[in-house]
Amino acid sequence: MHRVKIHQGDIQKLAVDAIVSASAAQLSELSMSKAMPAAVGDGRSYSASYRTHYSAGDVVIGAADDLPAGMVIYTVGPTWRGGDYGEEQQLASCYHNAMEAAKRHNLKSIAFPTISCGASGFPARRAVKIAIHEVNQALRQNPLLESVVFCCFDPVTTALYRNHMGK
Numbered sequence: 000m001h002r003v004k005i006h007q008g009d010i011q012k013l014a015v016d017a018i019v020s021a022s023a024a025q026l027s028e029l030s031m032s033k034a035m036p037a038a039v040g041d042g043r044s045y046s047a048s049y050r051t052h053y054s055a056g057d058v059v060i061g062a063a064d065d066l067p068a069g070m071v072i073y074t075v076g077p078t079w080r081g082g083d084y085g086e087e088q089q090l091a092s093c094y095h096n097a098m099e100a101a102k103r104h105n106l107k108s109i110a111f112p113t114i115s116c117g118a119s120g121f122p123a124r125r126a127v128k129i130a131i132h133e134v135n136q137a138l139r140q141n142p143l144l145e146s147v148v149f150c151c152f153d154p155v156t157t158a159l160y161r162n163h164m165g166k
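Numbering-wise (numbering that gives the first Met the number 0), the sequence shown opens with residue 0 and increments by one.
Honestly, the hints are just simulated from the structure, not real lab data.
Worth double-checking, as some hints may not be accurate.
Unchecked claim - Under the rule of at most 25 Å between Cα atoms (straight-line distance), these lysine-lysine pairs were calculated in the DSS-like manner: (1) 4 to 128; (2) 128 to 107; (3) 12 to 107; (4) 12 to 102; (5) 4 to 107; (6) 4 to 102; (7) 102 to 128.
Stated by the list, open to error - Derived CB-CB ranges, DEER-like: (8) 162 to 54: 27 to 33 Å; (9) 117 to 85: 18 to 24 Å; (10) 104 to 82: 19 to 25 Å; (11) 82 to 164: 34 to 40 Å; (12) 154 to 54: 28 to 34 Å.
Note that the coordinates shown come from a computational prediction; the quantities given were computed from them, not determined experimentally.
The beta carbon of each residue, even a glycine, is placed where N, CA and C say it ideally should be.
Modelling step: build the complete structure from the supplied sequences, incorporating the hints.
In structure tokens form, the structure reads like this:
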């Protein structure tokens, strides 16, 4: 777990190889350019790989034009509907697929928000547990990845990560 860090603050300010941004299923050119308002740029970097609809767990990678990070990995996070519709597996796919993208692009550092919490309603305690599990699994298969940052917006989520990681 020494390669995993917890940070409370703005993910857009982190100097890592890639930051992950969670978006809704309608991950269009417009939503990609607005997902990181005024920081990423106009979204033109992403137009070559965009389509009109994505499923939970899909990822799209693009340059992070005006951010300290080199890339943005967009993922479609699931909306919580009570837990009986595969939401946990979908959330696990978000982390798994983002970590696979990091591996394919030989990234050394990546930062994640707590995907699908907040407006998508995923229970934070469950989301944190899934995030930690998926990242640990992926780190075992990718020795080149030096650092994974769980970037938390608030002290409650930060405490959840610390408690689950024993920090």
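Legend entry - List of violated hint numbers, smallest to largest: 10 and 11
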